[in-house]
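Engineer: Protein sequences, first through last, are from chains A and B. One gets our numbering by counting positions in the first sequence from 1 and adding 167 to each. One gets our numbering by counting positions in the second sequence from 1 and adding 78 to each.
Take these hints with a grain of salt, some might be off.
[Said to hold, decoys possible] Distance ranges between label pairs, derived from CB positions: (1) B:Pro-165 x A:Ala-459: 55 to 63 Å; (2) A:Pro-353 x B:His-166: 45 to 53 Å; (3) B:His-166 x A:Ile-191: 23 to 31 Å; (4) B:His-166 x A:Ala-332: 29 to 37 Å; (5) A:Val-604 x B:Ser-314: 52 to 60 Å; (6) B:Asp-188 x A:Ala-418: 54 to 62 Å; (7) B:Thr-82 x A:Arg-188: 18 to 26 Å; (8) B:Ser-98 x A:Ala-418: 45 to 53 Å; (9) B:Glu-288 x A:Gly-449: 56 to 64 Å; (10) A:Val-194 x B:Val-376: 54 to 62 Å; (11) B:Asp-188 x A:Pro-445: 40 to 48 Å; (12) B:Glu-244 x A:Val-194: 44 to 52 Å; (13) B:Ser-98 x A:Trp-623: 33 to 41 Å.
[Said to hold, decoys possible] Listed next, the stretches of chain B that the computed footprint assigns to chain A, with coverage defined by at least 3 CB atoms under 8 Å from CB atoms of chain A: (14) 165 to 178; (15) 222 to 228; (16) 275 to 283.
Hints in this document: simulated from the structure, not taken from any laboratory. Beta carbons: idealized from backbone N, C-alpha and C, even for Gly.
Each chain, written out:
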Amino acid sequence: MSRVSREPRPPGTGVVPASTRRRIGLVGLAVLPLAFLVFFFAWPVLAIIGRGLGEGGVSDMLVRAQTWQLVGFTLGQAAAATVVAVLAGLPLAYVTARLAVPGRGLLRVLVTVPFVLPTVVVGLAFRALLGDGSLAGIVLANAFFNVAVVVRTVGGLWAHLDRRAEDAARALGASRWRAFTSVSLPALRPALGSAAAVVFLFCATSFGVVLVIGGARYRTLETEIYLRTVNLLDLSGAAALSLLQLAAVVAALAVGAAARRRREGALALRSSAETTRPPSGGDWVVVAAAGAVLVGLLVPLVAVAWRSLATSSGFGLDGYRALAGGGEGGVLRISVLDAALNSVRAAVDATVLAMVLGGLAAVVLARTRRAGATQLLDTVMMLPLGVSAVTVGFGYLVTLSALPSGLRDSPVLVPFVQALVITPLVIRIMLPVLRSVDDRLRQAAATLGAGPVRVWSAVDLPMSARSLVTAAGFGFVIALGEFGATSFLVRPETMTLPVAISRLISRPGELNTLAAYAACTVLLVVTALVVALVERIRVRSDTVGEF
Amino acid sequence: MTLTVRGLTVRYGEVLAVRSVDLAVPDGGVLALLGPSGCGKSTLLRAVAGLETVAEGRVCWDGVDLAGTPVHRRAFGLVFQDGQLFPHRTVAGNVAFGLRMAGVDRAVRDARVAELLELVGLAGYERRRVTQLSGGEQQRVALARALAPRPRLLLLDEPLSALDRELRDQLAVDLARVLAETGTTALVVTHDHDEAFTLADRVAVMSEGEIRQVDGPERVWRRPADERVARFLGCSLLVPATVRGGWAESVLGRVRVPGDVPDGTVRLGLRASAVRVSHGGRGDGTGGEATGEVLRRVHQRDHVRLVVRVADVGEVQASTPFAGVPEVGERVRLTLDPDAVAVLVG
Chain A
168 MSRVSREPRP PGTGVVPAST RRRIGLVGLA VLPLAFLVFF FAWPVLAIIG RGLGEGGVSD
228 MLVRAQTWQL VGFTLGQAAA ATVVAVLAGL PLAYVTARLA VPGRGLLRVL VTVPFVLPTV
288 VVGLAFRALL GDGSLAGIVL ANAFFNVAVV VRTVGGLWAH LDRRAEDAAR ALGASRWRAF
348 TSVSLPALRP ALGSAAAVVF LFCATSFGVV LVIGGARYRT LETEIYLRTV NLLDLSGAAA
408 LSLLQLAAVV AALAVGAAAR RRREGALALR SSAETTRPPS GGDWVVVAAA GAVLVGLLVP
468 LVAVAWRSLA TSSGFGLDGY RALAGGGEGG VLRISVLDAA LNSVRAAVDA TVLAMVLGGL
528 AAVVLARTRR AGATQLLDTV MMLPLGVSAV TVGFGYLVTL SALPSGLRDS PVLVPFVQAL
588 VITPLVIRIM LPVLRSVDDR LRQAAATLGA GPVRVWSAVD LPMSARSLVT AAGFGFVIAL
648 GEFGATSFLV RPETMTLPVA ISRLISRPGE LNTLAAYAAC TVLLVVTALV VALVERIRVR
708 SDTVGEF
Chain B
79 MTLTVRGLTV RYGEVLAVRS VDLAVPDGGV LALLGPSGCG KSTLLRAVAG LETVAEGRVC
139 WDGVDLAGTP VHRRAFGLVF QDGQLFPHRT VAGNVAFGLR MAGVDRAVRD ARVAELLELV
199 GLAGYERRRV TQLSGGEQQR VALARALAPR PRLLLLDEPL SALDRELRDQ LAVDLARVLA
259 ETGTTALVVT HDHDEAFTLA DRVAVMSEGE IRQVDGPERV WRRPADERVA RFLGCSLLVP
319 ATVRGGWAES VLGRVRVPGD VPDGTVRLGL RASAVRVSHG GRGDGTGGEA TGEVLRRVHQ
379 RDHVRLVVRV ADVGEVQAST PFAGVPEVGE RVRLTLDPDA VAVLVG
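Excised from the complex, chain B in its bound form (with noise of 0.2 Å):
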């Protein structure tokens, strides 16, 4: 019960959507193609499901070649960023297609769809059109849709990126408690990073077509395997650190790494929210922590962003919460957040 793929290329053309892939999904794992948009992880995804003419490279369940098996003899479920429910049906008729088209019985099929409608919270939705529902609603009858066959492998593509930023919140919770409960195997593909770690137990990094990283969310968060990955992760500035039992140093100050981190160079990936503005401590330069001057400020959803200029490094993108926020001009001092500071080896 295994999805593997080996050396998977796609071209459009001369360009190579997606390079010599290789990544695996065990029985009842959920993997996350992460990764900014174009850079392939949809194509990816769209080969798997035997929607792309494969170049080079094998698509395989439980190691047999699928090169010849048609996309509706796959049992692979598909669920679109925007639904793509049948206009012409209503919510039962959608969720019941896949049923109809593996010829179960139609009261086993009334039976089914009502069981996944409970289970993404439409319950009793099955005579509605489905262009009366919300865009939130009819992505959870397109995940009803999709598991209603029992997949052996479910796909999804941008799931949730249609939909309101709070619906999305919402929905990938839900989400999340799906797949679990149904024990689904499911590739996820999506450019947001909170949406794979919430859906996710392994999160794959992609980048020009190209796979940067495979790693569990927390890993991937802390310890990127190079660069771009970090970069992609909200990492805005790099600085160079020196690691030395547990502690890194820097010109921005100490910080805390994970116990496995080596001794020695490294660099560490900063992201806003890892560099506070200490409260109360207007910086004077003593202490060994970095001090510098606020150059502008922009309230967020749960805290204020600053910008601020420190001395050899330029501007850093830093956050303090909304209790005394400093005003543009003044000095501060700044400490670093060991949970949102990532670590560059080498």
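Just chain A, same shape as in the assembly (with noise of 0.2 Å):
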């Protein structure tokens, strides 16, 4: 009988095994997420740090009582936010995952659009709500960002939790609270802990929103490192801030990580369809709950535009119309629009890199088998989620000077110190996805001739194209949102939206005041509508995801 197929390699041209040589692809396809890592975090972060080191003082600093009470409130509030956060968490959590009620996939919507806003738009509508100073609002502030994280993250595995589990616990004479608290409750566990890992990072190391809201009064790791830089060029004193916030944040990041190797272990797990039904009885509470939290979580964005028609004399646009302008009184160099344009170009181009930085690491990380390279890279490649952005922006300050003039005035370092902050998230958008692969799948295509770069483009991509499509999205209104690093590295001309609301609100004027809300409102919009697109394509994905 005639073969089609292909006759094998003569012998000895392959001498090299097999596992040998996957293991040299796997670690040249990390090399360039590993390269960028180096150049454009690694070293700023480490050329700040040596630099305070150098002029000693660390100790100094460290031995100040000061710094202590600054340790002791940033890890406070963000203690406090991430109880807040979580409990709001939990019935939206439930309600989304487990209860088949109408206008779900819109629920997901608003409830994931505040984890992408700006942060700049969030500070300014509590401020809005509570006023400068307010200690309630910081924690208020800190939580609403990350009710998405918990929703996201424990809702995606609760969705997949087989309910004859709990069928079987009520049918031996559990009530249903005792059911949830007995058997669903350390089902969830891991997702609940990486979701609070997760939240009280980000708390942890929150910028815009203290800096805007905390004015003077609040300061915590990161503003102070900030201020210290900017306005008291202290290097010494933030490095050694610095170093306490990384320390900080490889803890957390560790807790997280070993919270999520247990969930991504032996569970039971079921397509959503199959999980939820319509509510009945007590899921009623349940409801209402996540109905109050809803309403909570809207309050701050209805302000935002509220205050950005108040004019003085009435409702009027005069806000938006100032968007064509610089400013009252010249405060921007160019207008709001272009700021805008600025914003959307750098935003594209950080997504581009950060979808193949991402993308890379997502696939080094799903198909490295040892488990401890796959969580040193993994932890490696989430540093700079925790990292102060600040400590990073400053670093590329620092290090300028050692590029040559063209890279250092080059637009280009925007984009690439976003894509910095959005990779981690690519990652752990799409590694989840890649991991519940079937591995066998992949085998299956092997045995049929396709080589693993075929492997990777027949099954691979396919599988993850919508997770692809997320990643890109939120990567996206992320990029468009950054602040913290950013702010150090625009130039006038080059000035984002982000960073521009913050210039205008600093300044006197009411039109100053009008335009920065009005732009907040129009970055909310586009971040809804992005976020709302996204979940449209995601909806009929089934999978266990993070985000």
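Using the supplied hints, reconstruct the complex from the two chains, each of which is provided in its own coordinate frame.
Structural biologist: Right, here's the structure in full:
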């Protein structure tokens, strides 16, 4: 019988064992993201730390009571915000994951929008509601951001938990509450731990919110680093604080990674369609609680839109008209619209870059079989998420002097630093999907003659296409709103929208305030639209993701 | 066109999943790897496919060592227990996958897909989504997909185990026909001896990473190499016996044994189907046949299974047709069915 298939290679050409070749391939793929990380993250951060350490004074800083007060406040507000976010997120997670209620898609969009909103917008929203220098404002704003993390991480797992375990507990005589606390809650614990660790991390390193609301009264490590580097030029002090923050971040990441590892273990997961049912009885209490949280999430958003219209002489569109100009008294050197265009350009570049880097890293992480190597790479790639954006931004300024002048002044640095911020997110979105692809599917493709690259393009790529869209969409809006690091690198002509908003709000003049709120509203609407679009594409996908 | 495996060892950390295995599959032959779960048979199959790292030994095709040949260049087809069809492709897209990888023209590809779907009994299914197929249909598509690029060797990993019993029996017959019609050389992993005997012309019985016996189906069934193989093939009871002139004499009676069993002491491996309660013959202890008391009885598909207590032997599993089933507590006479008795020499 005739053979269509390939003949084997002649002996001797392939003496390298397949496992070795595979390892070399993976290392090769990991080189690009790691090199990027070294040049655009490790170098600037180490430069800052080295500079600080070089001048001595770190030990000075560490013995000062004021430093530990700062640490205490940073961790305290982060812990409080984490508790609030988890408590507020659980009812929403239950409703979106377990109940067949109308409008679940819209609910998911509304919950997700806060997470990708620019920090400046959220800061302004809570300032509009609670005023300047409010501790409650800081905690609530940080929690507001992160409710989405809890809902998506916990809800993502909850939607796939086999309902029959709870049914079995009920049949054995457990009340609904007992069944929840003794069966579902333990199963959800890994997701809860992972979500809480991430939320805590975000809250502890939150910058824009604390800067806008806390003003001079409340400072965290992050804003203190900023103030010391920018206003006081106290590099050694800033470096000491950066080191402290770095230690806290690594600890939180390690906890999160441990929790995640347990979660991706053996749980009886079902397709989510089988786990939802119409609400009944006690479910309505949860639905009511979720409704209350939802209102709480909407109020700040409405407040921003309302403030953008409320001029001193009644409602009007003055703020929106002002977007065409450079602010009252020429605060900005370019128009707000131009700033918006700058933002879009930078965010598109950053998204493309982050998709390449994050995609490569996710592929390597999904394929690596050694647990130790996986965890190390995972933690390393997540580091930019936790290290002070301010430290990174300032590190760029310090290391810039070593770069050729062409690159130093090039607008390319803004997308680079934004890519650094969103790459970890891209990895977190894509990795669970890639890991959920049955390895035997790849093996089936290989036995049919597909080499490693074709296996990837024929199996992994189509099966993770939706998560690619999700990652690109979320990455884009977060890059659009990135503030901490970007604010260091933009020049007046290349200013982005969030930076423009912060300049406008910090200057006197009613029109400046109106324009700031108007620009916030525009960002908000764009963000909501992108999230809605991503949700529409995601709805049919059925995977355990984190966001 | 021969697969040979020499001294193959696969290690999972400290555990030796496959220990120094030798085997060969000639052109057009079908070899079944039969054994209980965890005996290393799937690992052996995967090592042949190139999906496991080989610690020692060689996998050769026509004498050429495949150590340096990656999975996708071996041209060995693989069918998993649960199909592992590409969910984002249609039936035709799945079946044509290997042909596309080989760079076959579209027209040839389409013709070949139609030919294979016809072969597996799914003619006209090209445009269907694989997620809408039943388990049996999915497995047929998986078979067509693996056969489409005309693999040099087809590897089947528990191809029918995920299916209902009825479907399994039917598909086993179909699979045997497809293998014969296409003249495919194949290695089948299974824990089900019916499946192994239906599909294969040679059976290799594995246990704890080692191959205990390689023989034709009938010989494996009637002359298991050792006690472990006998027990795996359903012999719940082993009784000593003396062979003289083609007849074996034991405490449970006389039975004819295959002609090549030498005279002397052997052990008889008794399956429930080998011990018959003879109809109408209520035992009174005379005539040299064994008798016993019925302790329990269970209805099965096509017979009734009894547990009978026999003096000097203990509890014996026996079977009887539905007509005239003895009551619990009744004494019955037992006879041995030569077709179901296994003989262990030495």
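Engineer: Work down the list of hints and note, for each, if the structure agrees.
Structural biologist: Okay, the hints, checked on the actual structure:
1. B:Pro-165 x A:Ala-459: 55 to 63 Å: 40 Å, violated
2. A:Pro-353 x B:His-166: 45 to 53 Å: 35 Å, violated
3. B:His-166 x A:Ile-191: 23 to 31 Å: With Cβ atoms ~30 Å apart, the hint holds.
4. B:His-166 x A:Ala-332: 29 to 37 Å: Holds - the Cβ-Cβ distance for His-166 (chain B) and Ala-332 (chain A), about 30 Å, lies within 29 to 37 Å.
5. A:Val-604 x B:Ser-314: 52 to 60 Å: Violated, at about 43 Å.
6. B:Asp-188 x A:Ala-418: 54 to 62 Å: The hint (54 to 62 Å, Cβ to Cβ) holds, given that Asp-188 (chain B) and Ala-418 (chain A) are roughly 59 Å apart.
7. B:Thr-82 x A:Arg-188: 18 to 26 Å: At 24 Å between Cβs, range holds.
8. B:Ser-98 x A:Ala-418: 45 to 53 Å: 48 Å, holds
9. B:Glu-288 x A:Gly-449: 56 to 64 Å: For Glu-288 (chain B) and Gly-449 (chain A) the Cβ distance comes to about 58 Å; the hint holds.
10. A:Val-194 x B:Val-376: 54 to 62 Å: Holds - the Cβ-Cβ distance for Val-194 (chain A) and Val-376 (chain B), about 60 Å, lies within 54 to 62 Å.
11. B:Asp-188 x A:Pro-445: 40 to 48 Å: 47 Å, holds
12. B:Glu-244 x A:Val-194: 44 to 52 Å: 51 Å, holds
13. B:Ser-98 x A:Trp-623: 33 to 41 Å: 36 Å, holds
14. 165 to 178: It holds: at least three residues are needed, and the segment 165 to 178 of chain B offers 5 whose Cβ sits within less than 8 Å of chain A.
15. 222 to 228: That given contact holds, which follows from 4 residues of the segment 222 to 228 of chain B lying within Cβ reach (below 8 Å) of chain A.
16. 275 to 283: violated (count 0)
Hints 1, 2, 5 and 16, counting from the list given before, are not met by this structure.
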